Amino acid sequence: MRLLTHNMLSSNVKGVVNGFPLRLEASTWVEKEVDFNADFLRSVFPKIDWPALFGASQTVGYVALPESADASMLESEDFLKKFHHALLEIHVEEGALVCPETGRRFPINKGIPNMLLNEDEV
Amino acid sequence: MDPLMRCGLSPFIGLYEAPHVPGGYVMLPGMRAQLAGAVQVVRDREELKKGIADLYDESSKMWEGLWGEHMHHGFYDPGLPGSVAHHRRAQLRMIEETLSFAGVTEDSSKWPKRVVDVGCGIGGSSRYLAKKYGAQCQGITLSPVQAQRAQALAVAEGLADKVSFQVADALDQPFPDGHFDLVWSMESGEHMPDKNKFVSELTRVAAPGATIIIVTWCHRDLSQSEDSLKPDEITLLNKICNAYYLPEWCSPSDYVKIAESLSLKDIKTADWSDNVAPFWPAVIQSAFTWKGFISLLRSGWKSIKGALVMPLMIEGYNKKLIKFTIITCRKPE
Numbered sequence: 001m002r003l004l005t006h007n008m009l010s011s012n013v014k015g016v017v018n019g020f021p022l023r024l025e026a027s028t029w030v031e032k033e034v035d036f037n038a039d040f041l042r043s044v045f046p047k048i049d050w051p052a053l054f055g056a057s058q059t060v061g062y063v064a065l066p067e068s069a070d071a072s073m074l075e076s077e078d079f080l081k082k083f084h085h086a087l088l089e090i091h092v093e094e095g096a097l098v099c100p101e102t103g104r105r106f107p108i109n110k111g112i113p114n115m116l117l118n119e120d121e122v
Numbered sequence: 001m002d003p004l005m006r007c008g009l010s011p012f013i014g015l016y017e018a019p020h021v022p023g024g025y026v027m028l029p030g031m032r033a034q035l036a037g038a039v040q041v042v043r044d045r046e047e048l049k050k051g052i053a054d055l056y057d058e059s060s061k062m063w064e065g066l067w068g069e070h071m072h073h074g075f076y077d078p079g080l081p082g083s084v085a086h087h088r089r090a091q092l093r094m095i096e097e098t099l100s101f102a103g104v105t106e107d108s109s110k111w112p113k114r115v116v117d118v119g120c121g122i123g124g125s126s127r128y129l130a131k132k133y134g135a136q137c138q139g140i141t142l143s144p145v146q147a148q149r150a151q152a153l154a155v156a157e158g159l160a161d162k163v164s165f166q167v168a169d170a171l172d173q174p175f176p177d178g179h180f181d182l183v184w185s186m187e188s189g190e191h192m193p194d195k196n197k198f199v200s201e202l203t204r205v206a207a208p209g210a211t212i213i214i215v216t217w218c219h220r221d222l223s224q225s226e227d228s229l230k231p232d233e234i235t236l237l238n239k240i241c242n243a244y245y246l247p248e249w250c251s252p253s254d255y256v257k258i259a260e261s262l263s264l265k266d267i268k269t270a271d272w273s274d275n276v277a278p279f280w281p282a283v284i285q286s287a288f289t290w291k292g293f294i295s296l297l298r299s300g301w302k303s304i305k306g307a308l309v310m311p312l313m314i315e316g317y318n319k320k321l322i323k324f325t326i327i328t329c330r331k332p333e
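As you go down the protein sequences, you meet chains A and B in turn.
Under the working numbering, the residues of the first sequence are numbered 1 to 122, in order.
Under the working numbering, the residues of the second sequence are numbered 1 to 333, in order.
I should point out that these hints are in silico values taken from the structure, not numbers from a laboratory.
Just so you know, these numbers come straight off a predicted model, no measurement behind them.
Where a beta carbon is used, it is the ideal one built from N, C-alpha and C, also for glycine.
Certain hints may be false.
Said to hold, decoys possible - Chain A residues, not near chain B, derived (Cβ > 10 Å throughout): (1) VAL17; (2) SER27; (3) VAL34; (4) LYS47; (5) TRP50; (6) MET73; (7) LYS81; (8) LYS82; (9) PHE106; (10) GLY111; (11) PRO113.
Said to hold, decoys possible - Here are the in silico distance ranges between beta carbons for each label pair: (12) ASP194/B / ASN18/A: 18 to 26 Å; (13) ALA156/B / LYS14/A: 36 to 44 Å; (14) ALA64/A / HIS86/B: 49 to 57 Å; (15) ASP70/A / LYS50/B: 40 to 48 Å.
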């Protein structure tokens with residue numbers, strides 16, 4: 001699971017008011033090189049919840065991202081490279097996504113999050 | 001001509017209705033096999049979801065081995081059968097005809113950037129759309145085996161930076177409102193037990209102006225004087241539902257009404273039944289190759305039951321009961 005995906009997943013447990021962002025627990029992750037595409041990064045930036053991305057990247061030990069970011073930083077090659085790495089090159093293989101309100105854990109196995117709810121959670 | 005004769009099978013195997021037998025089938029010659037279990041459509045939600053997940057966990061590998069990465073019908077010019085290679089091309093054509101019908105633009109500056117593939121199988125459509133549009137594609141499926149395989153294929157094709165797969169429920173998608181500019185459901189709608197909720201979720205995750213595409217199996221529209229399908233039609237559909245873990249079917253008009261109730265725009269629908277006619281006979285023939293037979297035995301009972309019911313799909317199409325339907329629309333700006 002890339003952090004780009006983490007940035008769009010939320011808890012849909014019944015009764016939860018704000019299920020985003022899910023807290024990331026990562027026991028295993030890998031880094032895979034991805035072609036750098038500045039245009040893509042600039043176009044996706046407005047859709048990214050930066051605090052969620054920052055938090056997730058900290059969890060996997062990537063501390064190079066600034067705590068906050070604005071569009072002017074997209075001019076900087078250095079910033080773009082860090083954004084690229086955090087968003088696309090870190091793959092969480094094993095771990096969990098945790099609902100911020102209920103603590104419900106959605107497991108991540110072999111890189112695939114399982115977001116299915118049980119009958120009583122719907 | 002009965003459907004088994006049409007696909008050249010009835011010298012070898014007879015699948016006969018036997019109402020006195022629980023499950024309603026007797027298989028001849030040479031052996032009697034009784035398909036266990038009463039013919040029952042209404043499974044509860046959890047049982048249905050588990051059944052769907054198990055069916056695809058069990059059968060996806062076999063399907064991929066015989067038919068490849070796309071788990072949907074091919075689109076053919078009426079009247080033309082063909083070889084297996086032809087069928088694979090037809091499956092790609094199905095995607096292209098669907099995009100064309102939906103009016104997805106050819107202008108690359110306006111191509112969709114974020115796609116959701118609802119009921120993604122092993123990710124064939126997701127990878128195709130990611131390659132075609134350079135889009136980010138999210139696929140969801142109930143089957144963990146399918147999600148893993150979809151991801152593995154994405155990695156193998158160098159698309160792991162563009163496509164992602166999750167195990168998730170189409171009726172409860174884990175995505176924020178308005179996130180996707182193309183919402184894609186290719187032959188998964190027939191599994192959805194609540195069509196209203198299904199289309200509502202597709203609408204919720206669609207961005208303003210996004211295109212929503214549903215390609216699915218429906219039953220024929222009812223005439224003005226009808227309250228329901230005829231009893232023999234219902235019996236036929238129930239048998240299919242039992243084997244494929246389908247909830248109750250609806251008609252194309254039902255989908256149109258739901259779309260209208262959600263204020264969706266530019267609602268279009270078409271009956272592509274004539275364009276998919278060669279598909280089921282071809283699938284049946286592939287099951288009767290040595291490879292197909294062994295794969296079925298390896299896959300398990302759910303897959304075998306699904307295979308045995310294939311002639312009923314042909315019967316349903318021939319009786320103009322089953323309609324292969326496309327419904328497209330747009331979320332208002």
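Tested hints:
1. VAL17: holds (14 Å)
2. SER27: holds (18 Å)
3. VAL34: Incorrect as stated: the minimum Cβ-Cβ distance to chain B is 4 Å, not above 10 Å.
4. LYS47: Violated: least Cβ distance 8 Å, not greater than 10 Å.
5. TRP50: holds (15 Å)
6. MET73: MET73/A is indeed farther than 10 Å from all Cβ atoms of chain B, at 21 Å.
7. LYS81: The claim holds: LYS81/A sits with its nearest Cβ about 15 Å from chain B, beyond 10 Å.
8. LYS82: holds (16 Å)
9. PHE106: violated (8 Å)
10. GLY111: violated (6 Å)
11. PRO113: violated (5 Å)
12. ASP194/B / ASN18/A: 18 to 26 Å: About 25 Å separates the Cβ atoms of ASP194/B and ASN18/A, which means 18 to 26 Å holds.
13. ALA156/B / LYS14/A: 36 to 44 Å: Once the Cβ atoms are compared, 38 Å apart, the range 36 to 44 Å for LYS14/A and ALA156/B holds.
14. ALA64/A / HIS86/B: 49 to 57 Å: Because 52 Å falls inside the window, the suggested range holds.
15. ASP70/A / LYS50/B: 40 to 48 Å: holds (47 Å)
In this structure, the earlier hints numbered 3, 4, 9, 10, 11 are contradicted, and the remaining ones agree with it.
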